[in-house]
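*Asks:* Sequences and hints are given; from them, build the entire structure.
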Amino acid sequence: MRLEIQDLRVSYGGIRALKGVSLTVSEGSVVTLIGANGAGKSTALRAISGLLKPDSGRIVYNGEDILGLAAKEIVRRGVVMAPEGRRVFPDMTVRENLLIGAYLRNDKAGVEKDLRYVMELFPRLSERTWQMAGTLSGGEQQMLAVGRALMAKPKLLMMDEPSLGLAPLVVKDIFAIIRRVNQDGITILLIEQNANASLRVADYGYVLETGSIVLEGNGRALLENPSIQEAYLGRRRNRKTEPAKYEVSMNSD
Amino acid sequence: MSAIIQHLANALSVGSLYALMAIGYTMVYGVLRLINFAHGEIFMMAMYIVFFGLTMFLMPWYVSFIVAILLTAALGVAAERLAYRPLRDAPRISILISAIAVSYFLQNLATVLFGGRPLTFPQVPLFTSMIDVGGARISRLLILTPAVTAILLIALQYLLKRTKTGMAMRAVARDYDAARLMGVDLNRTIAMTFFIGSSLAGVGAIMWGMKYPQIIPTVGAMPGVKCFIAAVLGGIGSVAGAVVGGLALGIAEVLIVAAAPALAGYRDAFAFVLLIIVLLVKPTGLLGEKTTEKV
Ligand SMILES: Nc1ncnc2c1ncn2[C@@H]1O[C@H](COP(=O)(O)OP(=O)(O)O)[C@@H](O)[C@H]1O
Ligand SMILES: [Mg+2]
Chain A
1 MRLEIQDLRV SYGGIRALKG VSLTVSEGSV VTLIGANGAG KSTALRAISG LLKPDSGRIV
61 YNGEDILGLA AKEIVRRGVV MAPEGRRVFP DMTVRENLLI GAYLRNDKAG VEKDLRYVME
121 LFPRLSERTW QMAGTLSGGE QQMLAVGRAL MAKPKLLMMD EPSLGLAPLV VKDIFAIIRR
181 VNQDGITILL IEQNANASLR VADYGYVLET GSIVLEGNGR ALLENPSIQE AYLGRRRNRK
241 TEPAKYEVSM NSD
Chain B
1 MSAIIQHLAN ALSVGSLYAL MAIGYTMVYG VLRLINFAHG EIFMMAMYIV FFGLTMFLMP
61 WYVSFIVAIL LTAALGVAAE RLAYRPLRDA PRISILISAI AVSYFLQNLA TVLFGGRPLT
121 FPQVPLFTSM IDVGGARISR LLILTPAVTA ILLIALQYLL KRTKTGMAMR AVARDYDAAR
181 LMGVDLNRTI AMTFFIGSSL AGVGAIMWGM KYPQIIPTVG AMPGVKCFIA AVLGGIGSVA
241 GAVVGGLALG IAEVLIVAAA PALAGYRDAF AFVLLIIVLL VKPTGLLGEK TTEKV
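First to last, the protein sequences are chains A and B. Number 191 in the working numbering belongs to position 191 of the first sequence; there are no gaps in the numbering. Number 95 in the working numbering belongs to position 95 of the second sequence; there are no gaps in the numbering.
Careful, some of the hints might be misleading.
What the hints assert, rightly or not - Pairs of lysine-lysine residues, derived as DSSO-like cross-links and limited to a Cα-Cα distance of at most 30 Å, are as follows:
1. A:K155 to A:K72
2. B:K282 to A:K72
3. A:K108 to B:K161
4. A:K153 to A:K172
5. A:K113 to A:K172
6. B:K164 to A:K108
7. A:K113 to B:K211
8. A:K19 to A:K72
9. B:K161 to A:K153
Note that these hints are calculated values from the structure, not bench results. For clarity, every value in this text was computed on a predicted model and none was experimentally measured.
*Replies:* Written out as structure tokens, the structure is:
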């Protein structure tokens with residue numbers, strides 16, 4: 001598994017959202033892409049998933065340029081996204097949501113096995129298999145969104161702000177799950193505004209600002225980088241400096 | 001007593017026909033947020049196809065029925081492919097206007113191809129012969145129509161709840177992008193929705209033709225409007241709602257006229273009155289969700 005994005009450019013009706021983004025995700029790693037609201041993080045994931053058509057660039061997955069492929073072809077190759085805002089199907093049961101995650105799969109036994117895996121990962125879901133997804137709490141819906149993506153048997157799991165709007169304790173659970181899933185062999189591309197928590201789990205991180213990567217490095221190194229601390233972690237070097245111009249992300253611990 | 005049985009059987013069969021056609025409106029609305037104004041014309045075409053299958057090509061009835069249902073389904077799929085799909089990302093009003101255009105196009109096409117003079121839907125004795133039920137002499141059709149409808153509804157429910165195609169339809173009706181992220185093919189799923197909705201209209205048209213045998217190019221217009229109303233009554237977007245709305249409308253129409261024959265001339269107006277009342281009391285329809293807008 002290797003994903004390599006080269007000089008990706010995306011615009012919405014003339015307004016440029018990604019201005020030449022390059023990044024690499026290598027086998028077995030957790031890579032995070034952080035940035036303030038509106039930086040273009042979701043746009044990047046939507047382009048990789050085939051939900052929107054980039055202006056130019058290359059998205060090379062295992063040596064094949066997947067840019068321009070239909071979304072289902074990208075899922076079929078094992079690149080799966082849990083979208084921003086969870087987007088579970090509210091009038092389907094938890095079980096149906098998980099099964100539709102396996103929409104492209106025909107290996108019944110494998111699907112059953114992964115269903116058990118997801119239930120073990122999220123015991124809260126296993127108690128609620130027949131409940132309508134729309135009646136779950138925000139945290140449970142996020143677990144369902146991740147579980148649904150896992151049912152597609154991803155090689156690369158992309159998550160768009162899984163901690164958004166969740167209570168700190170639930171955020172902790174979600175990040176623990178990210179670690180666990182990664183240890184089970186799934187490569188992860190994680191998008192977050194919660195820079196602190198995501199840089200802690202990540203092997204490597206990229207910082208996106210208004211459509212361009214402005215900084216990259218090991219998770220630890222980025223955590224200790226003063227400009228990151230100021231802009232994303234809510235720590236200021238000097239009380240007299242201007243307030244951080246970026247939205248300050250929630251500190252999970 | 002025999003009159004009551006007669007009226008009840010009639011009410012149930014008219015209600016069933018409305019339900020079958022209302023499902024097409026509600027399913028298409030579900031996946032496209034579009035009122036498919038051409039649905040009544042698809043229904044009309046099915047009647048002509050059966051007519052020519054039986055009278056010109058001398059097919060056995062079951063062959064002509066199957067051919068008519070398949071061609072009707074294909075016609076619905078073609079309308080989606082040619083007139084709706086290219087406008088999927090356009091403003092809502094464009095696709096709505098396109099649906100009205102398809103409706104007029106099919107009406108005029110039928111006039112050109114088949115002429116404006118009324119044709120008589122051929123009778124199939126197996127369906128239209130009279131039988132005895134509790135002392136009442138009624139047409140077999142009055143029993144068969146609800147029975148066929150019930151079987152189709154069970155099959156549809158199975159499809160929607162138990163098959164991947166059905167799950168994909170429900171997912172697409174809720175959230176295009178989330179469905180695509182699961183690997184669902186939007187185009188295929190929407191085409192499938194038209195296929196099913198139109199084939200149900202085809203079945204409805206056959207039973208309608210045996211009950212009301214006159215065929216003219218505008219024959220689909222009034223059932224079309226009424227079944228659209230039935231779908232709204234039940235809560236558009238909901239299949240169960242379409243069934244409830246269709247049955248309620250059909251039963252109300254027949255029984256009101258039976259109880260007060262003086263009102264027979266106003267029969268077609270009941271649907272509109274019922275619609276106004278329901279929309280005033282419960283704007284989302286009987287079984288409608290709170291919001292039908294896409295997020
Ligand atoms: N559908 C859209 N149409 C027009 N502009 C959009 C659309 N989606 C996002 N944008 C714009 O693109 C930029 C990047 O958005 P997005 O990728 O959602 O950012 P992020 O996920 O980092 O918050 C923003 O300026 C946003 O307003
Ligand atoms: Mg975003």
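*Asks:* None of the hints should be skipped; say for each whether it holds.
*Replies:* How the hints compare with the structure:
1. A:K155 to A:K72: Holds, because 15 Å separates the two Cα atoms, which is no more than 30 Å.
2. B:K282 to A:K72: Given pair K282 (chain B), K72 (chain A) is violated - Cα atoms ~39 Å apart, limit 30 Å.
3. A:K108 to B:K161: holds, 18 Å
4. A:K153 to A:K172: The hint holds at about 24 Å.
5. A:K113 to A:K172: Roughly 26 Å separates the two Cα atoms, so the pair holds.
6. B:K164 to A:K108: Holds, at about 13 Å.
7. A:K113 to B:K211: Outside the cut-off at roughly 53 Å; violated.
8. A:K19 to A:K72: Holds, at roughly 26 Å.
9. B:K161 to A:K153: holds, 23 Å
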